[in-house]
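A.B. asks: Chain residues, written in single-letter form:
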Amino acid sequence: MTCLPKKPSAKKLGLVIDLDICVGCHACAVQCKEWNTSGHSAPLTDEDPYGSEPSGIWFNRVHSYETTPEGGGPGRTVHFPKSCLHCDDAPCVTVCPTGASYKREEDGIVLVNPDACIGCKLCSWACPYGAREFDEDDGVMKKCTLCIDRIYNENLPEDARVPACVSTCPSGARHFGDLGDPESEVSKLVIDRGGYDLMPEQGCAPTNKYLPPRLRPTEQTEPKRLQPQIEGDGPEGLMKWVDKMLSR
Amino acid sequence: MTRATSAARGWSIKNPFETPREDVALAPEVADEIKTTTCYMCACRCGIRVYLKDGQVKYIDGNPDHPVNKGVLCAKGSAGIMQHYSPARLKKPLLRTGPRGSGEFREIEWEEALRIATQWLSEVRNDDPKKLAFFTGRDQSQSFTGWWASQYGTPNYAAHGGFCSVNMAAAGFYTIGGSFWEFSEPDWDLAKYVMIFGVAEDHDSNPIKMGIGRLKTRGDAKIVSVNPVRTGYSAVADEWVGIRPGTDGMFIGALIGELLRAEKIDWSYLVRYTNAPWLVIEDEGSADHGMMARGDQGEPLAFDQKLKAVVDASQAGFTPALVGEYKLDDGRTARPAFELLARRYLGEEYSVERAEKITGIAADDIRRIAAELAEAAFDKEISLDIPWRDWAGRHHEKMIGRPVAIHAMRGISAHSNGFHTCRMLHILQILLGSIDCPGGMRHKPPFPKPIPPGPVPHGATTKANTPLDGPPIGNPKGPEDLLVNPDGSPKRIDKAYSWENPLSIHGCMHMVLHNAWKGDPYKIDVLFMYMANMAWNSSMNVPGTLKYLTDIDGETGEYKIKRFIYSDAYYSETVAYADLVLPDTTFLERWDCISMLDRPISSADGPADCIRQPVVKPTRDVRPFQDVLLDLGVRLGLTGMVKDGTEPLYPGGYPDYLVLHERTPGIGPLAGWRGEEGKDHGIGAPNPDQLERYIENGCFWQHELDDDQKYFKFANRSYLEYAKDMGFIPTAEPIIMRIYDETMQKFRLAAEGHGQVQPPEQHRQRVKTYFDPLPFWYPPFEEMDSGEDSYPFSAVTQRPPQMYHSWGSQNAWLRQISSRNFLHIHEQSAAEQGLADGDWVWLESHHGRIRVQLKTMTGVNPKTVWTWNAIGKRKGAWGLKEDAPEFTKGFILNHVISDLLPEKEDGYRYANADPITGQAAWYDLKVKLTKCDPGEPRETDPILPSVNPVRSPRFARMKFGLDLKGAPTDKVASEIREFVANKISAATGKTDGKNKARNTDEENNK
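So the protein lines, in turn, are chains A and B. If you're matching positions, the first sequence starts at 9 in my numbering and goes up one per residue. If you're matching positions, the second sequence starts at 879 in my numbering and goes up one per residue.
These are computed hints drawn from the structure, not numbers from a lab. In this text, a Cβ means the ideal position worked out from N, Cα and C, and glycines have one as well. Careful, some of the hints might be misleading.
What the hints assert, rightly or not - Okay, the calculated bits of chain B under chain A, using three or more residues with CB under 8 Å as the criterion: (1) 1086-1092; (2) 1110-1119; (3) 1192-1204; (4) 1727-1738.
Claimed, not checked - Within a straight-line C-alpha distance of at most 30 Å, the following computed DSSO-like cross-link-like pairs (lysine-lysine) qualify: (5) A/Lys90 with A/Lys19; (6) B/Lys1186 with A/Lys248; (7) A/Lys232 with B/Lys1258; (8) B/Lys1741 with B/Lys1837; (9) B/Lys1806 with A/Lys248; (10) A/Lys252 with B/Lys1258.
Stated by the list, open to error - Simulated restraints on C-beta separations: (11) B/Gln1706 with A/Glu144: 40 to 50 Å; (12) A/Gly242 with B/Gln1640: 30 to 40 Å; (13) B/Lys1276 with A/Gly79: 55 to 65 Å; (14) A/Pro77 with B/Gln1643: 49 to 59 Å; (15) B/Ile1821 with A/Tyr73: 52 to 62 Å; (16) A/Asp97 with B/Gly1813: 49 to 59 Å; (17) A/Pro165 with B/Lys1276: 39 to 49 Å; (18) B/Glu1570 with A/Ile199: 42 to 52 Å; (19) B/Pro1566 with A/Pro165: 25 to 35 Å; (20) A/Glu166 with B/Pro1566: 27 to 37 Å.
Produce the complete structure using the sequences and hints provided.
C.D. replies: Below, the structure written as structure tokens:
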């Protein structure tokens, strides 16, 4: 089986995803598909793209749920984008029989070496997040690379040197940085907003963090109403305004 | 045993099982070339960068410098590649060989196609040009196609606005001189309270998402979404108000009543910027009852509280009365418009209790929302230290804002009461003083315009081989501007600008096929359409529409709609019904212009327009439609397209037109880099290098207004003078907003028997009822006609953000997100009907029925069912295989939406539309549900026969990008770029949005 880096790097690159402003538009998912299909793991094969059951490799998928609070009250529709969380304690790596699945010492990114992958799918069984995608045609496992071919790539315009999903997100719900550096902006954002690990009980120590939906004003304020200033219920009360002096 | 311990024992062993470390290419080559252009995957018009490799489109992302999207791109935009390479693309001109709808065609050469089209079009033009009906769909070149129609000489032209959002446009133009739609935007950076009404995930799709992100990240504002369904923006709103469809007007009216009762209105804004103080004549039965009292020069009058006299209402500085009865010089009485308005909304009709019953929103919630609006507008007033001068030349030290911003679109629009509802919404904004102020809803130049704006519709008379005397589309200022015959019957094929819907300012494309088939008001010879899917999702009553297209005239043996020329880039459902198909290019293969003359890409901070440039050459024998239209114009010898009788005036086609055409001297399709030196903007001589300047600048032009011009544009001297100099408005006069609309009253008076142009008896009562100068709420027509009990549910669509135009179904990537739709219903409502999640049901309206599959949920109004629009498709279309879920399980509601209302007593059937604007009332639909028998097929019904007998070449597997992967290079950056979105800038106090390029600069400068 494969080892995690003996000396984990201080640097932990990852994403911070704000569930408060994700509108579920799928922009991140499609932009990811578009970049990566000619990127590091090219291609992201699509099966039967114009037929009855179109399916393909997507490194990032958006799931939508309805939730209802246990004590009653207004429910919510939650959009939840999900990709590899680049875990510190990545079971997909340790389960790999060939060393194909590995975590980079330099920046913590979890990758699959396709030359070593035998397509046994053990990693996809081990990953509790379902974040791995098997390319049947290539016979290898593929996954989010955190756009490793973008973030260091000086062949790209500078603004594009972030993961594709981050660069495209219309509402700005996706952030990228070094979560191993407590002084980084993303780390501070996580502290400020109470960012959390997805399914911490799995013990994977994911790098990516989710920011929870903020408390909504309707959930914290008392009902209010305006005080009528004119007399009576009907329109007659408006004659009170007859002497109003207003300068045009 | 690890290597470390082996080494410690002094051994040197190479692990035979060690996997070689992967050599990751951190900096592969990306592109041979990156070109900018403008996206066309929806109406948003974002700037994109297209990465080309080996002559192929490899990758598209958002242009960070672009004013619309500032670098972001939505799901549709990123899937543009799959649209560009879609197998549904047309390859060559087609001439029909089988019956209409069979999809049997013969491929022909362009010369033959153009010869046939020219022959058909010239026959009509030599006879009676109005027998050409030329209608375009989601056309982004309407200032060009409209001009072409007018040079040809037919008034029968419009684009798709009549079935899209004309209610929003018309109500806005006639009330505030601008509109929601795409001509304004919420002040996302300063608003404290934002209300979004109805489905709004369409126009301005990325700017709204960006705005919501910034506003919510700022954390000091509230978003309320009023929508029967909790998806999309409603999902992230701070409060979701699950209103019953079609009742928004009642809710808004109740809010207005609450605000008036509590005196939570901006009095000074009302007297300065609106016609609230103008005196309205009270003289029941006279020809000017309900009109504004006017002086000798036509100036409106008001009562001066200090002088105790009736004075010119347009002057500055006096003290107008807002209520009371005043004597005019002629002895008649008059009241300020404001009093009439206040009387209406303070009345019982708009009480909170009544609103609760009608809308389904709790009375306490209505009262609370009114209080929150008032709190945001008045207790959270914004004061910007920006000195400015008003229209009268008065200096103001600050700009005062009432930070309530409202946005609305299709959800309000697509009802038969949409015009009045939208007008009511604008009046709510006006009472709060929140239009074009800091924190409010902001106009985008060239708006605001005089009320109503621009030219009136032309085409009252048509003559063989003669252009119209002006543009066919315009804004009537009264009954005299209608296009009707002396007997009151319509002059246009779609009955636009007729008594049936006088302010149909975008035309009524949805009625063209029905009317042409019926020969009411007359028959046409040629139907010419462009990217409008009328045989499917763009028509109400699909089965009826197909009949209109295929019915044979018993006398002639020809189709009732004799000839049909259609242009599209893809094999849509409509292609199969055309006689002649002119294949268009994809959006990456063409020149285009998003013009200031049409629907530009301006922001509230300044005007902007943009172009598309061809980034790749077509691989098929196709031509850009605009080039084809110019070519036809030359062949027909149309004025403005030929010189010396036959020579093309624009030999280079559309790009030549874009640069050289002048609509009026100095004003052309593009506003940037005009003049021979390319130094003028707005008005200037044509500049031969103009397109190069656009390309150098990322394919767009923008101008940022000075800070003192950015707000109160309707009354801001500096802005008004700038707008006049740019040719946006004819004079720098202030634009006075109309809480009371005299234009409406003119039509009502005509219906009451006054004036030269009056409605025929048949339409009199209808005009009288609905042309109320003050907005009112009435139940949607279908509800009035069909009754609550027979059809207990409203049925509406929401727009899937990844696919809101019908084009999405052909897209290999987008259809993996959704390749079929369900009918969504509240779980309790389903249970009450004995229905469960996953059941197949018949959804039935008064017009027809379809079989659909249910999905239950909680975030939906209990009296509403809904589905995603534009996913269901017809077998054979869009290059999909015959068993695609879009055909077998996907559905559209169009089959059960009638294009006509039920018969009136006289047997006449009006269009299923708003009586003011003719806007198609899609969302008025009322339905009932019945569980299917267990033995019925688990698929949708009807499934119409295939429209394509030829199997398109299809493949089972796609490995797009495999051959586009870049070779490694050593250009590896040592540091990564951290990115946090929506950061609040220390310099401006605003969030930076997504302009990453700018972020970087700032970081570097720190």
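A.B. asks: Please list, smallest to largest, the hint numbers that this structure does not respect.
C.D. replies: Hints 8, 9, 13, 15 are the ones this structure does not satisfy, whereas the remaining hints hold.
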